[in-house]
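Read top to bottom, the protein sequences are chains E, R, C and F.
In this text, residue positions in the first sequence follow this note's numbering: the first is 1, and each later residue adds one.
In this text, residue positions in the second sequence follow this note's numbering: the first is 1, and each later residue adds one.
In this text, residue positions in the third sequence follow this note's numbering: the first is 1, and each later residue adds one.
In this text, residue positions in the fourth sequence follow this note's numbering: the first is 1, and each later residue adds one.
These aren't lab readings, by the way, just hints derived from the structure by calculation.
Treat the numbers as computed from the prediction; the structure is a model and nothing was measured.
Beta carbons: idealized from backbone N, C-alpha and C, even for Gly.
Some hints here could point you the wrong way.
Ranges of calculated distance between the beta carbons of each label pair, as one might list FRET restraints [said to hold, decoys possible]:
{"no.": "1", "chain 1": "F", "residue 1": "Gly359", "chain 2": "R", "residue 2": "Val110", "range": "48 to 56 angstroms"}
{"no.": "2", "chain 1": "R", "residue 1": "Val110", "chain 2": "F", "residue 2": "Arg482", "range": "27 to 35 angstroms"}
{"no.": "3", "chain 1": "E", "residue 1": "Leu174", "chain 2": "R", "residue 2": "Arg73", "range": "30 to 38 angstroms"}
{"no.": "4", "chain 1": "C", "residue 1": "Asp365", "chain 2": "E", "residue 2": "Arg64", "range": "52 to 60 angstroms"}
{"no.": "5", "chain 1": "R", "residue 1": "Leu51", "chain 2": "C", "residue 2": "Ser240", "range": "38 to 46 angstroms"}
{"no.": "6", "chain 1": "R", "residue 1": "Asn61", "chain 2": "F", "residue 2": "Arg482", "range": "53 to 61 angstroms"}
{"no.": "7", "chain 1": "R", "residue 1": "Val110", "chain 2": "E", "residue 2": "Gly61", "range": "36 to 44 angstroms"}
{"no.": "8", "chain 1": "R", "residue 1": "Val110", "chain 2": "F", "residue 2": "Gly631", "range": "52 to 60 angstroms"}
{"no.": "9", "chain 1": "C", "residue 1": "Pro166", "chain 2": "R", "residue 2": "Ala128", "range": "54 to 62 angstroms"}
{"no.": "10", "chain 1": "R", "residue 1": "Glu185", "chain 2": "F", "residue 2": "Leu474", "range": "40 to 48 angstroms"}
{"no.": "11", "chain 1": "E", "residue 1": "Phe187", "chain 2": "F", "residue 2": "Glu136", "range": "38 to 46 angstroms"}
{"no.": "12", "chain 1": "E", "residue 1": "Thr178", "chain 2": "C", "residue 2": "Glu165", "range": "35 to 43 angstroms"}
{"no.": "13", "chain 1": "R", "residue 1": "Arg132", "chain 2": "E", "residue 2": "Thr178", "range": "37 to 45 angstroms"}
Facing chain C, from chain R, some residues (calculated, C-beta under 8 angstroms) [as the list claims (entries may be wrong)]:
{"no.": "14", "residue": "Ser182"}
{"no.": "15", "residue": "Arg184"}
{"no.": "16", "residue": "Ser305"}
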Amino acid sequence: MGRGSGDYIVKRVAFGLVTVFVAVTVNFVLFRALPGTAVSNLSQVPRASPELKAALEKEFGLDRPKWQQYGLYLDQLVHGNLGISYDNQRPVSENLTGAVRNTVPMAALGLVVAIALGILVGTLSAWRRGTRLEHLSSAITVTLFSVPAQWVGLILLIVFAGVLPSGGIRSPFLIGATSWGRLTDEFRHMVLPSLTLALTLYGGYALVVRSALLETLGEDYMLTARAKGLPPRTILRTHALRNAMLPTITMIALSAGRIVTGYILVETVFSWPGVGRAIYQAVLQRDYPMLQGAFLLLTVTVVLCNLAADVAYARLDPRVGG
Amino acid sequence: MTDLLQSPGLTADDLLQAPPGRHPLRRIVRRRPSAAFGALLLLLFVMLAVLAPLITPHGVNHRVGGVYEAPSRRHWLGLDDAGIDVVSLLIEGSRISLLIGVAAMTVSMVVGGGVGLLAGYFGGAADAVLMRVTDYFLVVPALPLMIVIAAIWKPSTAHIVLVIGLLLWTWTARIIRAQVKSVRERVYVKRARAMGAGHGRIIFRHVLPQIAPLLSANVVLTVAYAIFYETALSFLGLGDPTSSSWGTMLRHAFERTAISSGAWWAVVPPGVCISLVVMGCYLVGQAIEDGLNPRLRISHLSPRSFRLKELPAERPGP
Amino acid sequence: GGGKSTAKKATPDGTVKQGGVVKVGISGAPFASLNKFIGPIGIYPALIQIYPALVQLDPKSLDYRPDFASRWETSADGTTWTFHTVPGAKWSDGQPLTAEDAAFTFNMIVQFQKSATANYAFAVAKLQTADTPDPNTVVLHYGSPVSNVLAQVQTLGILPKHVWEPLAMGDGAAIKAFPNVPENGQPVVSGGPFMITDFKKDDSLLFLRNPNYYGQKALIDGFGVKSYSNQDAMVSALKSGEIDAISGVAPTAVDSLKSAGFTVSAIPGFFRSDLIVNSSQNKAKNRELLDPKVREALEYAIDRKEIAQVVSLGFAQPGDSIITPPSGKWHNPNLKVAGFDVTKANQLLDDLGYRRGADGIRVADGHPMSYEVILQPTLDRAFQIIQAGFDKLGVKVTPRALDGAAAFQAQKGPDNKYADFDFALSAGGGTPQFDPDFPLSTPTCRVLGIYNTTGYCNPEYDKLYQQQSALPETQRLQAVYQMEEMLYNARPVIVLTYNNAIDAWSNKWTGFVPSGRGLFGQIWIDTFLQAHQS
Amino acid sequence: MSLLQVRDLHVWFDLEQGGQLHAVQGLSLDLDQRELVGLVGESGCRKTTTMLTIMGLLPPSATVSGRVLFDGKDLLAGGERGFRSQRWKDIAIVFQGSMNAFNPVQTVGKQIAEPMERHGTATGRAATRRTAELLELVGIPASAGERYPHQFSGGMRQRAAIAMALACAPKVLLADEPTTALDVMIQAQIVDLLVALTREVGLSLLMVTHDLPLVAQTCQRAAVMYAGQIVESGPVQDLYNSPRHPYTRLLFAASPSIHHQGAVASIPGSPPALDRPVRGCAFEPRCDRAFALCREEPPLLLSVGAGVAACHLNGDDIGDASAVASRPGPATTVSRDQPVTLPLDTGTDPIAPLIEVRGLTVDYSSHQGLSRILRREPRRYLRAVDGVSLTVRKGQIVALIGESGCGKTTTALALLRMIEGASGSILLKGQDISLLSHRALKALRRHVQLTYQDPYESLDPRFRVRDTVEEPLLVHRVGGMRAQRLELVSEALVRAGLTPPDLYLNRYPHQLSGGERQRVAIAASLVLGPELLIADEPVSMLDVSVRAGILMLLNDLRLRNDLGILIITHDLSTAARFADRIAVMYLGRIVEEGSAVDVVNDPRHPYTRALLSVVPRADPSDRPNRQILVGETPDPFAIPSGCRFHPRCPVAETRCTETDPALHRPAGSVSADHQAACLLV
Ligand SMILES: Nc1ncnc2c1ncn2[C@@H]1O[C@H](COP(=O)(O)OP(=O)(O)OP(=O)(O)O)[C@@H](O)[C@H]1O
Ligand SMILES: Nc1ncnc2c1ncn2[C@@H]1O[C@H](COP(=O)(O)OP(=O)(O)OP(=O)(O)O)[C@@H](O)[C@H]1O
Ligand SMILES: [Mg+2]
Ligand SMILES: [Mg+2]
C-alpha cells in the first residue's frame, strides 16, 4: 500500500469533506425554499396571536437574514451542535438518536440478510451459469428486484396477518414483561420490515455480485489458476471472490441512497418510527433543523460508507493508488 | 438506485471489442430468451399506453359503481375506492407511468449526459467541479430529497418528471464520464484531434456513437428507476394526485384500506404492472450491457468441461 | 397501587369486571412531546387525561360540570371567578394537589403569554391574575367579562407547581425546554385519572390508572395508544388481537370490521371537509369569485351527497355551518344545506351574464372561469366530484396539491395579502374544543396570516366576534348563530360534509364513551373512565 | 518414445450463431526430453488453442478428439479430473500475455507457491524457500515475491510467469509467445533464460511464436503450423536451408533480416476461418506454387529428409528462404498485400530539410499526490525528451529507434505540436512552428500527418473506410463537393495500395485485415497530400506476413511522392532495411545518428551495438555473440548522472559516470554525418 494508497485515502477523505460541505450548503438553501414555515404550522392554534408568531420566529432565528442563519448554522455545526428541533424543542441530535436507534436494528438486519443473500445467490448464479438452478434463482431475483418495496410490504402484511405483528417497533403494552419477552417482542416486530428490505434489496446485490464474478471468471488469471490444477472451489474462493468483491464493495456503499428509499417506504408501511418517517415528518412540519440534521446524518453516513469502501478497496486491491 | 445495475467494470474498451454491426442491440436482444421476454413485456405495455384512449373500457374519472366493487363480468378487475374501473385505470396508468418514465429518463439523459460528456471530455477543472456536484447528488439519499423538492414544487406530472430526472442523472453522468474518458483516449479520437478536428466533431461523430449502445442500456434502466420512484413518491402522497398513474392507484389503495376491505384487486394489479415494466426494462437493459461486455462471454470456471469425441474422428471435408 | 394488576375484581353489583389494559390504535398523528407548550397538535388528548381541570365537559348534558373545582361563583360584574377545589387531592407522586397548583398554572401562562406559553395565551385572554385565598380556593381576576371562562379553564389543565415552578424563571426558556417525559420508571407527574408511564416519540403512549386521583377511579388498569402510519396494518392488528380498539377507523374498513364482529361506533364528528373560497378584498384576479351570487351558484353545483357517499361511504352528512353538530347547541340548526341543483346553478350564472365560451367554459369579465384548487393529496377524491359538478356548470377547476404548510403559504401568499389563490380544499374542524370560540375566530381580520385560511375580513363580523366573547350564555348563543349565518351566506368556507367519528373495538371491552373526535379525543375525560371488560 | 506426444488432435468449437468451427485438424507433435521445439505460424493458426488442449483447458464449447500422451499416458482420456492432478506438475504453461496471468490482488510469491501446496511438492516454509529460489533463478530478487503483479514491469512479470511455471519442477514447459510485446533486449534476456533452463533444469520446452527468426536462433526443431495443422516440421537448419512447404519459405521471406539486403515480401491474403470444410490444401489460395491438385485434395504429412511436410510438391526443392528475391514473385491473383521488392537505394541528394528539430525537450509533470502537496514537496517533472535534434528531408525515410519508453512517441507528438511542455525549435520548411497559434497549426496539420501504432485502434469502428479517409477533407474543408471528395478518397486508397478502391469504400474496420486497416490509416493520412508522414510503429502490431507490405508501401510513397517519412520503431531490422537514416534513442536522448548503412554496419555507441547484436536473424547458422544488457531502461525520474547509459554499459569507465557526452562524429568514422554520444568513441 505505502504512500500511494495513503495519498489515495487522503484524497478520498478530502473529497468526502467537500461533498459534506456541499451537502450542508445545498440542503440549507433547499429546505428554505420549501413553501411555508414551521411557524405557520405551529401557530395554527386557537387564538394564536401575532405575538406568538413573532415569538416563534425570534426563537427559531427565522427573523434574521438567510445568510446570517447560514452562518449561525455553520457555527453550530462546527461546535457539533445540530440545533433544536422546531417540532418538539428537543435537540435534533436527541431526536435523531431516537430515530436512528429505531431504524438501525431493523435496517441492519434487513441489510445483512440482503447482502448475505445477494452474495450467495450472485455467486451461485455466476458460478453455475447456464444451469437450471441459475435460471430459477435469476428469475426469482429479477422478480423481487422489480417489485416496489411498499408493495412487497403490503403483501407480506396480508400473508402474515395474525402471525406476526403488523406494525410498530414494539408492543407498547407489555407491562412487566421480562427482558427476554421484550427482546422476542421486538424481534417479532422486526421480522416483516426487515424481510421486506431484504427481499427488495438482495436482488440488486445479487445482480452486482453476479456480473462482477462473471467478469472475474473471464479473466486470464482464472485460466492460470485452473492450469495450476486447483480445484474449482479453491479457485472460486481464493481467486475469483476476492476480485469480484472489489466492485461489489463500491456498489454496496453507493447503494445507501437506495436503502434509504427502501427505509422510508418500509417504515411507512410498517408504522416504524425511524429516520425515514422522521424526515418525512420534518418535511411536513418544515422542521429545518431536523431536516438539516437528518440529511447531514444521511450524507455523512453515505460518505463514510463510501470512505469505508474506499479503504476496504485499498486494502483488498494493492493496485489502488499505486 | 441506478447504482446496482451497471456492470461494475464495463469500459469502452469492451465496447470496442463488440463487433459494431448495424443493429447490435437487436442482435443482443434476439439471442437471449430473457431479453426477448423483457422486450415483449415492454412492447405490450407500450402498446397499451399508445392505444390507451382507444381501448380504455370506462372513463378513469367516472364513477361506475360502488366503492371497491368486486370483479364482475363488466369490470374484470372490479372498482377502486372511488368506484372507478380498475382495468381502465391500469391501461391509463400504463400511459402515465411510461410517460413519466420516459420523460424523466430524457431529463436524466440530457443532464447526466451533458455533465458526463463535459466532465469526461474536457477533464481538468470542469471535471473536478462537475464531479463534486455529482458526488453530492450521489450521496444525498434520493427519495428524501425528492420528498423535499416535491414539496417545494406543486406536484404536477411535469414536476415529478423533473424531480426524478434531476436526481437520477448522477449515474448516467458517471457512466458517460467514464466512457467518454476512455473513448477520448482512443487512438482514433487522438487521430481526429491531430487532424485538427474540433470538439463538436469529435464528440458527435466519434465519442457519442461509440458510447451509444451502453447509453441505450442506461436509458432502458433509467426508465425503470423513474417508474420506481414515481411509485414511491405517489405512495407517500407527493405525486400528482390527479394523474392516474400506477403509483397513485397504489396510494389510493393504501390510504383507503383496500386490504382491510378485501379489495385485492385494487392492490395487486398496479403492483404487478409496475413490476412487469421494471422487469422488462431490467431484462432488456441488462441483456444489452451483458451483450456488450465480451468478458462476460468467457468463463474459465464453468461447471461443464469440454467434450471428448471418441476416435476415430471423422474428418469433415470431401 | 393496583396499576399493574390485571386481576378481575367485581364491583359491588357484581357485573363489571375491573382491570386490564385497553390497547388503542390511532392513525397517523405523531406526538413529539408531552410538554403542552410545544406544538399545536397531537398531545392534547393525552394531557387531558393527566392534568386535572377545574371543570370538565359532561358527555350527556354537553355542559361543564364540577371536576377539581367542586363549585364556583361569579361576581356580579362577571370579572371575578371563584373556584372551590377538592380538598385532600394528591399528585401521582404524592405531593398535595391544591388550588395553589391551579393558580400557579394560570399565572405562569399569563406571565409568559408573549413567549414560552404563547400557545395557551388564548385560554387566559383577559385574565389578569389568579390568587388563592386559601389552599382550596382559586380566584381568577379578569379585566373584563369573558363569556367562556368555563371552556377556557377546561382547556387549562393544572400543572404540578412543584415540577414547573423552577422552570418558570427568567424569560421562560426552560419551560419549553422541559421534556416532561416518564423517566427512570417514574411516570409524568399526573393529577388526572391516568398517568403516563411510557412515552415513545411518534410511536406509543402508555397510561396507567392514577392511584392518587381525587375523582372516581377508572375501572381499567390503563390504556395504551399506538400510532400506525398504515390503516390496513392497524385494522389487521385489531383483527389479530394485537390491539383492542381503533380510534379513527377509515370508512372503507367499517364493513370488514363489522363482519368480523367488532363494535363500530360512528357518531357525528367535529371533522369537516371544506371548500375555501378566497374572500380577501385583495384578490388580484378572478374577482368574480367574491360575488356571493357566484358562490351560491358554485355551491349548488357541489354534490355533497356524492362526496359523503364516495369519500366517506355514507359516514358523513352534508354540512352547512362551520360549527359542527357535535358542538350541541352551538351548531345553528336553522341553516339549510343547499341541495345539488345544477340547473339552478347554471341559471344563476346565466343571470350574471357569464356565457359559455366555445370550449364550454364560461367567460366572466372577459376571462374564462377557470380556477385552481389548492388541495392536500388526501382530498383528491372529493376534488374529483367537485370538478365533475363544476364541469357541468361550465367552470373549470384544476388541482394544485400541496401539503398543509405549503397550502397555507399559498393561500396567504407573500405579505399575507391573500391575493392569489382561488379555492382550497381542506380538512377543517381540527377544533380541540367544544366551545365555538376557536372556529368562529378563524375568519377574523386579527388572524390574517396566522390561521385565517380564507382571507375573509369583515369588520362587522369581527365586532360580533368581540361581543360574543363577553356575553352571557343565552345572548352569546344568539350572537354565535348570527355569526354562523353571516359566514354561511358569505361563504368564505363552503362546508362540504360533516364527517363521522368512527371507532371500533373488540367485544371484550365495553363502556367506552367516544367523543366526536374519536376514542382518543380531547373533548372529555369520560371515554375510558367507564370502560371495562365485558 | 517422446516425452510428449500429440496424436491426430482435433478441436471443434461450437459457434454462437450455430454450427461448428474445426479449429485444430489432426495435429500431431512430439517433444523429447530436454528438447527445445518451436511452434511457428501466423496469428490465428490455432497455436494457443493447441497449447490449451494439451493442458486440458478448453472451454465447454469445445469438442476434442485425438490423444495427448505424456510419458505414454493419455491425458485426454482422463477428462477434466484426470487433467487436474497432472497439470503443472508434469506440464506447465506460460501463457500468452502474461500481463494478465497473475491475480492482481495476490502477491507474486504466493501465486508461485500456490501450485506447490496444491500438488504437495513443497509446503509451508519449504514452499517459501523454493519460491525464493525460483525467483532468483529467473533473475528476480527473492524479496520481490512480496510484491504485487502490478508492481512488476512487463519483463519481470514474464520472468515471474516462468518461475511460476517451474514451481512443481515440470518436465514439459509450454511457452506461448513468451516474448511478444517485449523489447528486443528483454526479449533476448527471456529467451536466454528459457534456453538456459532446458540446459540446467532438464526441461523440455515447446515455444510458440510467430517470430520465425527467434525460433531459428533458439530452437533445435520447429513445427510450422497453418490453419490448425502442422504443415512442416524438422530441424531449424533444414527449414531455413531447404524448406519443403511454400508457407515456410514465405514466412522466412517475410521477416526482414538485418544484414541481408535481400528483398522482403509479404504473404498475400490471410489464413482461412475454418468454419466450413476446406477442400484441398488450406494454404492453396495464398500459395505461389499451387497447382490443380492442391485445390482438389488435401496433402498428407509425409517424411521429407529429417522432417515432415504436407505439400503436394512432395519435397521438391523449393529454394532456400533467403533466395526468394532471385525467383519469380509469388502468384498475384489473390494478392492484396502485393509483394513488392525493394530496389536498393540509399543516399539521396542532400536537399533542403523538410523538418528540422533543434534541441527538442519535453517535460511531463507528474501527478502530484495530495500528501506531497501537503508536505510542500515540489512538483516533479519527467523529462521524456531531452535535447533531441533531427532532420527529415524530402523523399527520405528516417527511423527513430529505441526501447519502449525512451521517448519516441513523445518526440513525434512534439513535432506535431500536439503536446504542451515542449521547448526547442521546430522548423517546417524553414518556418518555425514551435510558436504558431492554434489557428495556424490547423493549416500545418495538412502538411504533416501521423499514423498510429495500432491499426486495430486507430480506426473508428463505426466509420466506413470512406468516412475515415474523408474525415480529414471535411475537417480541413478541402475537396469541395461530395463527388470530388470521393475521388480524392479513392485516389488515396489507391496510393495506399487498396485497389480497386470500390471494394473497400463501404467496409467497416472489422471487415478488414490488420494490414488493410493500416493501409486505410495511411490513406487517411495521405488524402490531404502531406509532405511529411510520421509513422509511429507502423508494423509492430501486425502479423509478420503483412509487415513487409506496409513497409514497402511507405518506401514506395517516399519514392513516388517525394514524401519525407519519419518511422518510429523499436525494431532494428525494419529500420536497417528501409530507412535512409537511423537515430537511436535512449532515455530521451539520441545516442547515435547516421545513415542506415553506417549505423548498422559500423555501430559506435555501445547501446547500438548491443541492440544490433540481439536482433534475431532468420539464418539459424548465423548466431552472433549476443551482448545482452542487464536490467531495463531506468526510471526517467531518476536519470543517471554523466552518460545516462553508463549503468547498463558493458564498457563504461569511471568518467562515464561524471561527464554527459554530446553527439559528435566518432573517431575513425568514414561518413561525415555519422554521430554518436559516447565518451569512448
Ligand atoms: N472458444 C472458442 N470458440 C470459437 N472460436 C474460438 C474459440 N477460441 C478460439 N477460437 C478461434 O481460434 C482463433 C484463435 O486461435 P488461437 O488463439 O489458437 O491462434 P494463435 O495461433 O494462438 O493466434 P495468435 O498468434 O494471435 O495468438 C480465433 O480466430 C478464434 O476465432
Ligand atoms: N502523458 C504523459 N504523462 C506523463 N508521462 C508520460 C506521458 N506520456 C508518456 N510519458 C512518459 O514519457 C516517457 C516516454 O514515453 P513515450 O511514449 O514517448 O515512449 P516511446 O518511446 O514511444 O515508448 P513505446 O515504445 O512504449 O511506445 C515514458 O517514460 C512515459 O512513461
Ligand atoms: Mg496465441
Ligand atoms: Mg510509443
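Now the hints, each set against the structure:
1. F:Gly359 to R:Val110: 48 to 56 angstroms: Given about 50 angstroms between the Cβ atoms, the range holds.
2. R:Val110 to F:Arg482: 27 to 35 angstroms: holds, 33 angstroms
3. E:Leu174 to R:Arg73: 30 to 38 angstroms: Check failed, 50 angstroms falls outside 30 to 38 angstroms.
4. C:Asp365 to E:Arg64: 52 to 60 angstroms: violated, 43 angstroms
5. R:Leu51 to C:Ser240: 38 to 46 angstroms: Since R:Leu51 and C:Ser240 have Cβ atoms about 44 angstroms apart, the given range 38 to 46 angstroms holds.
6. R:Asn61 to F:Arg482: 53 to 61 angstroms: Because 57 angstroms falls inside the window, the suggested range holds.
7. R:Val110 to E:Gly61: 36 to 44 angstroms: holds, 39 angstroms
8. R:Val110 to F:Gly631: 52 to 60 angstroms: Distance hint for R:Val110, F:Gly631 holds at roughly 54 angstroms.
9. C:Pro166 to R:Ala128: 54 to 62 angstroms: holds, 56 angstroms
10. R:Glu185 to F:Leu474: 40 to 48 angstroms: violated, 23 angstroms
11. E:Phe187 to F:Glu136: 38 to 46 angstroms: Violated, at about 60 angstroms.
12. E:Thr178 to C:Glu165: 35 to 43 angstroms: At roughly 39 angstroms between Cβ atoms, C:Glu165 and E:Thr178 fall inside 35 to 43 angstroms, so the hint holds.
13. R:Arg132 to E:Thr178: 37 to 45 angstroms: Since R:Arg132 and E:Thr178 have Cβ atoms about 53 angstroms apart, the given range 37 to 45 angstroms is violated.
14. Ser182: violated, 45 angstroms
15. Arg184: At 45 angstroms from the nearest chain C Cβ, R:Arg184 fails the 8 angstroms test, so the hint is violated.
16. Ser305: At about 53 angstroms, which exceeds the 8 angstroms cut-off, the nearest Cβ of chain C leaves the hint on R:Ser305 violated.
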